[in-house]
Amino acid sequence: MRTWLITGASRGFGSLIAEHALRAGDAVIATARKPQDITDRLGEHPNLLAVRLDVTREDEAHQAVAQGIKRFGRIDVLINNAGFGVLGAVEETSASETERLFATNVFGLLNVTRAVLPHMRARRSGRVINISSIGGYQAYMGWGVYGSTKFAVEGISEALHQELAPLGIHATVVEPGFFRTDFLDEQSLIKTALVLPDYDDTVGKMRTFAEAANHAQPGDPVKFAEAMLALADAPNPPQRLALGSDTVARIEAKNRLVAQELAEWQALALSTDFKAD
Numbered sequence: 001m002r003t004w005l006i007t008g009a010s011r012g013f014g015s016l017i018a019e020h021a022l023r024a025g026d027a028v029i030a031t032a033r034k035p036q037d038i039t040d041r042l043g044e045h046p047n048l049l050a051v052r053l054d055v056t057r058e059d060e061a062h063q064a065v066a067q068g069i070k071r072f073g074r075i076d077v078l079i080n081n082a083g084f085g086v087l088g089a090v091e092e093t094s095a096s097e098t099e100r101l102f103a104t105n106v107f108g109l110l111n112v113t114r115a116v117l118p119h120m121r122a123r124r125s126g127r128v129i130n131i132s133s134i135g136g137y138q139a140y141m142g143w144g145v146y147g148s149t150k151f152a153v154e155g156i157s158e159a160l161h162q163e164l165a166p167l168g169i170h171a172t173v174v175e176p177g178f179f180r181t182d183f184l185d186e187q188s189l190i191k192t193a194l195v196l197p198d199y200d201d202t203v204g205k206m207r208t209f210a211e212a213a214n215h216a217q218p219g220d221p222v223k224f225a226e227a228m229l230a231l232a233d234a235p236n237p238p239q240r241l242a243l244g245s246d247t248v249a250r251i252e253a254k255n256r257l258v259a260q261e262l263a264e265w266q267a268l269a270l271s272t273d274f275k276a277d
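Oh and the sequence shown: position 258 is 258 in the UniProt record's numbering, straight run, nothing missing.
If you are wondering where the hints come from, they were derived from the structure by calculation, not from laboratory data. From a predicted model like this one, the values you see are computed outputs, not experimental measurements. Beta carbons are placed, not taken as given, at the ideal position from N, Cα and C, and that holds for glycine. Among the hints, a few may not be true.
[Stated by the list, open to error] List time: in silico DSS-like cross-link candidates among lysine-lysine, alpha-carbon distance up to 30 Å:
(1) K275 with K205
(2) K34 with K205
(3) K275 with K191
(4) K223 with K254
(5) K70 with K34
(6) K205 with K191
(7) K34 with K254
(8) K191 with K223
[As the list claims (entries may be wrong)] The calculated label-pair distances, taken between Cβ atoms and stated as ranges, are:
(9) Q63 with K275: 53 to 63 Å
(10) F209 with V248: 13 to 23 Å
(11) N47 with T202: 44 to 54 Å
(12) T272 with F209: 33 to 43 Å
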C-alpha cells in the first residue's frame with residue numbers, strides 16, 4: 001500500500017486522483033483549505049486522511065505532512081496539484097493578482113515539496129509529481145502571467161529530476177492541456193479586473209474562447225487520474241509527461257518553431273563566443 005499526499009484534493013484533478021488511489025487500495029492524505037469539502041466529495045474511508053492545508057502557509061505544509069506521517073508512517077507519492085488560473089493580458093494583470101498567483105502556484109508548491117522531501121530522502125524512495133500545464137511549455141495570449149507560474153514549475157521540476165534521482169526519488173512534471181474540469185469556472189479561474197480595449201482582438205478573443213470551451217474541453221479528467229496512477233507505477237518515469245492531444249500538438253508545433261529559429265539564427269548565436277588566440 002502506497003501513501004499519496006495530494007494538494008487541492010477537494011475537486012477537479014485532485015479529488016479524482018485521490019478517488020482512484022483509494023480504489024487501488026492505497027492511502028491518501030488529501031489536503032484542501034476546507035477538509036470538509038474533501039469528505040463531502042470522497043466520503044469517509046479508513047485509508048483517507050482529510051487535512052487542512054493552505055499551500056501558501058509553510059507552517060501548514062509541515063503540519064499536514066506531520067499528520068500524514070503520524071497516521072500512515074510514510075509518503076510515497078506527492079502530487080502538487082493546488083493552483084488556479086488568471087486570464088488577462090500581461091499588461092492587464094496587476095501586481096496583486098500576479099503575487100497571489102505566484103504565492104499559490106509556485107511558492108505553495110515549493111512549501112509542500114520542502115516539507116515532504118526530508119521524509120522521502122530518509123527512505124531513499126518517493127515520487128514527486130508536479131502538475132503544470134501546456135501553458136508551462138508554450139505561452140499564449142491571455143495566459144502569459146499564469147503560464148509564467150507554470151514555466152517556473154517546469155524549471156523547478158527539471159532541477160528536482162536531476163537532484164533527486166541519485167537519492168532514489170523520481171520527479172516528473174505533468175503538462176495537461178484542456179481537460180473537462182471546472183478550471184474555466186469562476187472558482188478556479190480569475191479574470192483580470194483591468195480590461196484594455198487594445199487587446200480585444202487577442203486576449204478578448206481568448207476570453208470568448210474560454211467561455212465557450214468551458215465543460216467542452218477535449219480531455220477526459222477520469223483518464224487523467226488513471227494516467228497519474230500509471231505514472232506512479234512506472235519503474236522509470238519521465239522527466240515530463242504531456243497529456244492530451246491538444247498538448248501534444250502544441251508541443252510539436254513549438255519544437256518545430258524553436259528548431260527553425262535556431263537554424264535561422266545559428267550563425268549569430270555562435271558568433272558571440274570568445275575566439276581562441
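To see whether the hints hold, each was checked on the structure:
{"no.": "1", "hint": "K275 with K205", "in the structure": "violated, 49 Å"}
{"no.": "2", "hint": "K34 with K205", "in the structure": "violated, 35 Å"}
{"no.": "3", "hint": "K275 with K191", "in the structure": "violated, 50 Å"}
{"no.": "4", "hint": "K223 with K254", "in the structure": "holds, 25 Å"}
{"no.": "5", "hint": "K70 with K34", "in the structure": "holds, 20 Å"}
{"no.": "6", "hint": "K205 with K191", "in the structure": "holds, 13 Å"}
{"no.": "7", "hint": "K34 with K254", "in the structure": "violated, 39 Å"}
{"no.": "8", "hint": "K191 with K223", "in the structure": "holds, 28 Å"}
{"no.": "9", "hint": "Q63 with K275: 53 to 63 Å", "in the structure": "holds, 57 Å"}
{"no.": "10", "hint": "F209 with V248: 13 to 23 Å", "in the structure": "holds, 20 Å"}
{"no.": "11", "hint": "N47 with T202: 44 to 54 Å", "in the structure": "holds, 48 Å"}
{"no.": "12", "hint": "T272 with F209: 33 to 43 Å", "in the structure": "holds, 40 Å"}
Checked against the numbered hints given earlier, this structure breaks hints 1, 2, 3 and 7; the rest are met.
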